[in-house]
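This is what each chain is made of:
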Amino acid sequence: MTTVTWIVLGATSALCFSLKLLGHLVPEAWLANPRLQRINALVPISLLSALVVAQGVVVKTHLVFDHRLAGLAVALAALFAKAPFPVVVVAAAATSAFVYHLH
Amino acid sequence: MSNLTRSTVRDSLSVALTVGTYGVAFGAASVAAGFSVLQSCLFSLLTFTGASQFAAVGVVSAGGPAASAIAAAAMLGTRNTLYGIQMAPLLQVKGIRRVVAAQVTIDESTGVALSQAPRGIAAMREGFWITGLGVFLFWNIFTLAGALGARALGNPASWGLDAAVPAAFLGLLWPRLQTNFLRVVAVSSMAFAMLVTPWLPAGLPIITTVVVAVVFGWRAR
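Quick note, the sequences are listed as chains A and B, same order.
Going by our numbering, the first residue of the first sequence is number 5, and it counts up by one from there.
Going by our numbering, the first residue of the second sequence is number 6, and it counts up by one from there.
It is worth saying that the hints were derived from the structure and are not from the lab.
Since the model is a prediction, treat every value here as computed from it, not as a measurement.
Zero decoy hints are in this set.
Far from chain A, by Cβ distances over 12 Å, these chain B residues were calculated: (1) R11; (2) D16; (3) L18; (4) P123; (5) R124; (6) R156.
Per label pair, the in silico range of CB-to-CB distance: (7) B:W204 with A:F69: 12 to 20 Å; (8) A:R39 with B:V189: 14 to 22 Å; (9) A:F102 with B:Q97: 51 to 59 Å.
On the chain A side, residues computed to face chain B include the following (Cβ under 8 Å): (10) V8; (11) F21; (12) L26; (13) G27.
For every residue, glycine included, the Cβ atom is placed at its ideal position computed from N, Cα and C.
Throw the hints in and build the complete structure from the sequences for me.
Here's what the structure looks like:
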């Protein structure tokens, strides 16, 4: 586990910095392909959506709907109510912890 | 940095402080995923791009392989390349300043820089630097606080940390869903991730949803 976490940390940092630096070095035309730009704009949305699912309703390889879902529902309500980010996260955590202790 | 305008500084610092506090959520998520306090802080110092950091620790926490965690983080990091392409001609820096500029090229610094356009190029530059360096400072301070806090709390579920992480992802996703098309992409991605979860090794459904982005982005609309 320790080795894996260091590998993830090192490789993620190296790649993310390289991607930033690349933007400052390459001519604009290199990444001007419209299809590439359209897909690139959607990638964060797809990945973040998948991460909500993976962290919210998945345990290993199973869909599990538990106390976390109650927290997510409250987070969603808070976002609809235009609550700031820290409020969203704390409200979700408090709700989830409450439901967790009900069991 | 001449002609410092008060409103540019105010805009930059308010964004830097607000976004910096999200670092608490990252520090906590990172420790809950099995990273040490030191590793969590190194993430915020070296990777320094929130969504990628959350993705990397999220995939590890879901039991996914290292390659999947790194790939998800890198794909989320590609947008910073596009920001760099926009910022480089504006900043006109070389050497070590270019390296520093690259490291602080993120959503917020680019966003504030572009929002200062009506105030002129000098204001755009100031917006980029103050926001970028400001987020860097606060993000790292709050990461340490979150990591130490999570370590002191113990069982993540008991304090709702296991729900705070997906809520944080939802909070990062929300401001991006500005059109119905983008909302459809998000809902489709969630449905796709749920559909493939039982059939793929843990952690892989996350990176696999990039297929959804490719399908929706393939044709011009």
